[in-house]
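Student: These are the residues of each chain, in order.
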Amino acid sequence: MLVINTIRNTARLSLRNAYIRNCLTNEIRATNFTRTFSLGLALRQQDVVNVTFIRANGEKIKSSGKVGDSLLDVVVNNNVDLDGFGACEGTLTCSTCHLIFKVPDYDKLPEKPGDEELDMLDLAYDLTDTSRLGCQITLTKDMDGLEVTVPATINDARAA
Amino acid sequence: MSFAKNLVYSRLKLLNKYSRSVNTSAIRLQNVQQVTTGKRICIVGAGPAGFYAAQYLLKQLSDCTVDIVEKLPVPFGLVRFGVAPDHPEVKNVINTFTKTAENPRLRFFGNVSLGQDISLQELRQRYHAVLLTYGADQDRELQLQNEQEQHVISARKFVAWYNGLPGAEQLQPDLSGRDVTIVGQGNVAVDVARVLLSPIDKLKITDTTEYALEALARSQVQRVHLVGRRGPLQAAFTIKELREMLKLPNVTTNWRSSDFTGIAEQLEQLQRPRRRLTELMLKSLSEQSTRSSTAAAGRQFLPVFLRAPKAISAKEMEFAVTQLREGVAVATDATECLPADLILRSIGYKSSCADAGINFDPQRGHVRHEQGRVLKDGEEKSVEPGLYVAGWLASGPTGVILTTMNGAFAVAKTICDDITAKAFDTASTKPGFEVGSQRIVSWDGWLRIDQQECEAGKSKGKPREKIVDIEHMLTIAGV
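Protein chains in written order, with the numbering used here: chain A, 1 to 160; chain B, 1 to 479.
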């Protein structure tokens, strides 16, 4: 167990370093003042996790993040067109990043929602048994191809 | 991972700040004035509803310009003056609002009061569409004798006091007594209770105004009663606020077990949010016996259910014992007095009618409308073309920021739909707001105030020290 934990921690650390590196690169690259961060650069192909957001009207938005990103990061970094998503910027004080998972995907998520996340989900519209907050879901490699539903909002009425 | 996550967000914020300083040159204002074609939309009130509506309109209508007029010299409404100072995360929406404000097609006019500096009629002549989002700045009263006494104040004013709303610094609440009774059990009531019961060191690192911190540091308040007319299953506070209360250091929560008779049996039938909230109350109640013996010395939070306000006297408040009949609290002959050196009324906000031209329902305290389209006075089904309402001015004071956001997006969409359907004139040229001799705070002016506040806060270890004097604000803004 100890060995496993050590390996896990090392992996976490290197992930964290990758994060920092990537942030720094982005900051230098961001001189054009957009928030559209390119995912390319030092990232190896295998770190990319493809995610599809499905609006309540069925429209699919394909996007991608990297291992260690949250689903909120994916929306922010790729400027995914979801108005008002992530209002509190991932601090667990709103429910605007509410996402609905398919049952098998939900069951596979490595961490169960904590009380604070459930408290916020309780204020969300269209709450389901497989609802989570996007800011609390950290991408892993085996989530590649994940499809999540964005609850019905005014976005859908417009797109329809 | 939370470290990495926080790092990313702080970087994002840095980027936002960087781009902010570049984008906010005087050129921006000129750009807007050059745009003479296109739709001109005016939003009255720079709170969350106004900013979310602006965000939607700017995105959907590429040829529109949006002007936001705000009564105060500073933006953000209840995000600045309502959200509790110990909830800084909730205020992160300000970053999104700031991005919206930096759009070259948006202008901010602070220190402009509808009904005083400009009339609704004039605004409607100057714009193709006007959206009213000036919120709810009054509160509902108990309609009891002695309600105007010194020791009875509204929770809204108390919130405004610790949050630095201009004018509210005069409140001087008397915190020299041991018992505070709060009438109402919404999140505002819980916010107020938390501020009264929190250790002062917890508040010192927030943007609570300095005068409020001084008063709270001297406070003798030991017990806060939170009284509601109905039962635990109708409690209006949300679970996050309760959980926070239960975790407050040196504060004991004591429930009345009699209030919970028959409640556990109903858990199964409840929807998840109500069930989880009730479970948390029951859990806290069950832990009460072990808890009270250990922490008797600290401050106490005392929720009381099934009591309706009846009479106010100098040191106490009388309540009628109520019974629930189909969800409605009905007063019985039985009464109970609760000690109350200070009474805080927190039974809801209502809006005021800023301009005589607004079709306002004084009874319910909001603008008469249908799906955000303001109705014509006296005519039930016909709407005022090009006049809209959103936020608490439309819905009444309910819901969290998500509710206001969705509501504002929906009304903004209605405006877009009406433009497509040519429901009001957008063909003629409209002049928009013209700055005369008034002292008007531009967005750049606000940024100067913002910078000064943040700098003043830094030396005290606070995120900002709010300026409460309007004249001072105007001077810093350079007008």
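Keep in mind that the hints were calculated from the coordinates and are not lab data.
Even for Gly, the Cβ is constructed at its ideal location relative to N, Cα and C.
Do not rely on the hints blindly, as some may be mistaken.
Far from chain A by the CB rule (all over 10 angstroms, computed), these chain B residues [stated by the list, open to error]: (1) Asn95; (2) Ala217; (3) Glu265; (4) Thr322; (5) Pro385; (6) Asp418.
Computed list of lysine-lysine pairs in DSSO-like fashion (alpha-carbon distance at most 27 angstroms, straight line) [to be verified]: (7) A:Lys102 to A:Lys62; (8) B:Lys376 to B:Lys430; (9) B:Lys422 to B:Lys381; (10) B:Lys91 to B:Lys247; (11) A:Lys62 to B:Lys283; (12) A:Lys62 to B:Lys413; (13) B:Lys283 to A:Lys112; (14) A:Lys62 to B:Lys91; (15) A:Lys112 to B:Lys202; (16) A:Lys60 to B:Lys59.
Student: Each hint should be assessed against the structure and marked as holding or not.
Tutor: Here is what the structure says about each hint:
no. : hint                 : in the structure
1   : Asn95                : 7 angstroms, violated
2   : Ala217               : 27 angstroms, holds
3   : Glu265               : 22 angstroms, holds
4   : Thr322               : 27 angstroms, holds
5   : Pro385               : 22 angstroms, holds
6   : Asp418               : 14 angstroms, holds
7   : A:Lys102 to A:Lys62  : 17 angstroms, holds
8   : B:Lys376 to B:Lys430 : 23 angstroms, holds
9   : B:Lys422 to B:Lys381 : 18 angstroms, holds
10  : B:Lys91 to B:Lys247  : 22 angstroms, holds
11  : A:Lys62 to B:Lys283  : 43 angstroms, violated
12  : A:Lys62 to B:Lys413  : 25 angstroms, holds
13  : B:Lys283 to A:Lys112 : 21 angstroms, holds
14  : A:Lys62 to B:Lys91   : 30 angstroms, violated
15  : A:Lys112 to B:Lys202 : 30 angstroms, violated
16  : A:Lys60 to B:Lys59   : 20 angstroms, holds
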